[in-house]
Amino acid sequence: MGSDSRRTFLGLCLGGLGAIAAAAVGWPLFRYLAPRSSKESAGKIVIPEKEIATGDAKFFEYAGSSAVLVRKKDGSLIALSAVCTHLGCIVQWQKDKQDFLCPCHAGHYSPDGAVTGGPPPKSLARIPFSVAGGTITIG
Amino acid sequence: MRYPALYTKFFMTLVIFLMTAALIHLSPHLVAAEGPAEIVCIQCHSALPEKFSAPVKQWRGSVHAENGIGCNDCHGGDPKDAANAMKPERGFLGAPKEPSIPSFCGRCHVGVMKDYLASVHGRALGKGGPTCVTCHGNHQVVKASLEIINEKRCSRCHSFERARTIRQAMQETEGLFISVDARIQAYKKIGSDTEKLEKSLFSLRNSFHSLFHNVNVDTVKKESTGIQAEVRKIQTQLDQWDEAGGKRKFAGALAVSFMVMIALVAHLLRKSYHQ
Amino acid sequence: MTLLKSIVDWVDVRIGVREVAEQELTGYLLPRNINSWYSLGSILLFAFALQVASGILLLIYYVPDADKAFKSVSYIMNEVPFGWLIRMCHAVGSNMMVLALLLHMLSVLFMGSYKRPRELNWVTGFILLSMVQGISLTGYLLPWSQLSFWATTVATNSANAIPVIGPYLVEFLRGGKLVGAPTLGRFFALHVALIPAGIAAMIGAHLFLLKRTGVSAPPFGQENTSNQWQGDRYHYEHHPGGIPFFPVFALEDLRSIAIYMACFLAVVFFDPYLFFPKDAFIPANPFVTPAHIKPEWYFLANYQTLKIFPNELIGLSLQGAGMTFLAMLPFIDRGPERHPLKRPLFMACSIGGLLLWIGLSVWGHLS
Chain S
4 MGSDSRRTFL GLCLGGLGAI AAAAVGWPLF RYLAPRSSKE SAGKIVIPEK
54 EIATGDAKFF EYAGSSAVLV RKKDGSLIAL SAVCTHLGCI VQWQKDKQDF
104 LCPCHAGHYS PDGAVTGGPP PKSLARIPFS VAGGTITIG
Chain E
5 MRYPALYTKF FMTLVIFLMT AALIHLSPHL VAAEGPAEIV CIQCHSALPE
55 KFSAPVKQWR GSVHAENGIG CNDCHGGDPK DAANAMKPER GFLGAPKEPS
105 IPSFCGRCHV GVMKDYLASV HGRALGKGGP TCVTCHGNHQ VVKASLEIIN
155 EKRCSRCHSF ERARTIRQAM QETEGLFISV DARIQAYKKI GSDTEKLEKS
205 LFSLRNSFHS LFHNVNVDTV KKESTGIQAE VRKIQTQLDQ WDEAGGKRKF
255 AGALAVSFMV MIALVAHLLR KSYHQ
Chain L
67 MTLLKSIVDW VDVRIGVREV AEQELTGYLL PRNINSWYSL GSILLFAFAL
117 QVASGILLLI YYVPDADKAF KSVSYIMNEV PFGWLIRMCH AVGSNMMVLA
167 LLLHMLSVLF MGSYKRPREL NWVTGFILLS MVQGISLTGY LLPWSQLSFW
217 ATTVATNSAN AIPVIGPYLV EFLRGGKLVG APTLGRFFAL HVALIPAGIA
267 AMIGAHLFLL KRTGVSAPPF GQENTSNQWQ GDRYHYEHHP GGIPFFPVFA
317 LEDLRSIAIY MACFLAVVFF DPYLFFPKDA FIPANPFVTP AHIKPEWYFL
367 ANYQTLKIFP NELIGLSLQG AGMTFLAMLP FIDRGPERHP LKRPLFMACS
417 IGGLLLWIGL SVWGHLS
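Chains as they are written, first to last, in this note's numbering: chain S, 4 to 142; chain E, 5 to 279; chain L, 67 to 433.
Hints are computed from structural coordinates only; laboratory data are not their basis.
Mixed in with the good hints there might be a few duds.
[Unchecked claim] The list that follows gives simulated cross-link-like pairs (lysine-lysine, DSBU-like), each with its CA atoms no further than 35 Å apart:
no., chain 1, residue 1, chain 2, residue 2
1, S, 98, E, 253
2, S, 47, E, 237
3, E, 225, S, 47
4, E, 203, E, 253
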């Protein structure tokens, strides 16, 4: 093979490899920068309003972990994560005391999820929800 | 040389500049990192005779010490004021008498206390039955495991038969917890977001261990099945991660071979220019 | 191809681009006996570019707030598509860049290319070394892990030993008595803006000096290997009959970069956690000091030196002296000889010094 045609061939190889390299870099780059699709919005939970009486709490599963819906004494609703922020146990609703108690190390939370006693470092995370036509949609 | 003065000036400026640069090579130096001072309980009791200093040594090896739970968290009192540390006005409770032990530990371990009081063990409280301390110790409390249920401990009061059945019933689930925990820890070491999985596993493990306080074989067996199903969900997530990891390694092998190919072609092309 | 030719013609008649290409690329002649060690500079430039690119990409998702930093990095590693790849490239890349830098310095040392008239090149290179160490130190804090927090505490603490201004200097560096949010703020500004700009400027100076003086010829394969420079007036070091930079040595550079990338990608995909102890994945806790905090491998020798001497000031001064000696080398070693085997004193000192550095590093790792 004459050295000129060899060079052309090798040059083309290099060019081809370069193009593949560009694509191999471009694809992850595009995915990294592209806006995220709201895949997390899939899996909304729907609960009829009348299932929760005043002063009551309903536990359910949302986004892979335990969550709770509470109707406070004044009738308003709030949706919280039921995972204790201390070490991860599931909190229990105490109807008589109208607050949350974690059975593992006695963490206490108010109906709004704020820490009122015990070791938990943060309040219970709030979950967005909406109410329409007598049903509650979580998420 | 016509420019010694200039050279010297330049030289000196360079020296000063470079000495500053050299000082910037501030290197990591292991200074004995001073933690916060120990609470007064520890300070005083560690200097006392064996009877009063032994609890300190025992506590140091405990899961409570690991998690920053000190003397005053259980016994009350003032951890910062040595003169008034043990005054009742500062909330000091002293050491609980036997019948008060479950409620003493139960101030924090609420769920366990409830299960215990409802069980045969709890109903035997004050009548020769075991308290928390009987099985878990008082100061050297370690993370609960199935090892606590053993012949030596249980046969102090009765035969080991029933306890053995319960332990066997729990063995399989416990093994599952141990293996899943190890897998989660391996992923934690490489920066994977294991928070949800860790919390879920902790919660399940806790309810599983608390289960024992019922000391009722049938309850244990029934609940175990449910708990195992939940743990398997965690395993599925870990399996997915394993799969993704495998794919990454494959992509990595491709990337490295690709680079080697580029090097090869560049090399051949370079050689074609031998002049 | 005629379209391409017309475009080049259009640009050429305006700025003489063909002349530039002739001067800088095809007509830029390098010594015939040039070797692959000379590619380390290009490798470093490429590695730096990779760091800047991956760093900018990380900037898109990273949050420089003490409460949010760790979570943002965790988000990049776990949620963002290919975030793990960008982050690991940046982390592994910094370590490999330091390695390439040390090799580059060693090759210049052994081939005596720091000697007159190239002293300034050596000095700018030394400044680059210092800045790369600085950028590594500041970058280390940003993930706000236990490792970040405590390694920075230990590193900033060593300034304490400096007489008179020591304690104030420590506070100044940290932006407070202890490492905290102010430290993160200033280290972030340094790492992302000031030092990279400084490195870029210094690279510019370094390359300008290289091109202005002319690249040195390796002292191998020649009878007379001593320095020929007279020092009476400026003149560019030509290499008549040499090999053109483009395409010949550019291909050698490409080959070297590809080999570097193969090693780099092997680490990124198969053992990126080589440089990550488990404390790197625990969020910073100012109240709990982990048991064994050690600096990165390239600081281990410094770390061990300070551990040896009970007096911190002695330890620091020794290192300062060593570094100063290194920086001033072209002014201390004025002998004309460049071939390594014909400079027994230099070789003894440099190999001794290298072994000492390696020994201290290994000791630091094991202690």
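Subject >> Satisfaction of hint between residue 253 (chain E) and residue 98 (chain S), Cα-Cα up to 35 Å >> reply: Judged against 35 Å, a Cα distance of about 52 Å means the pair is violated.
Original post:
Would the pair residue 225 (chain E) and residue 47 (chain S) pass a check requiring their Cα atoms to be no farther apart than 35 Å?
Top reply: holds, 34 Å
Subject >> Restraint check for residue 203 (chain E) with residue 253 (chain E), where alpha carbons must lie at most 35 Å apart >> reply: The hint holds at about 29 Å.
**OP:** Please work out if residue 47 (chain S) and residue 237 (chain E) have their alpha carbons no farther apart than 35 Å.
**Re:** Distance of about 20 Å is within 35 Å: holds.
The structure does not agree with numbered hint 1 stated previously, though it agrees with all others.
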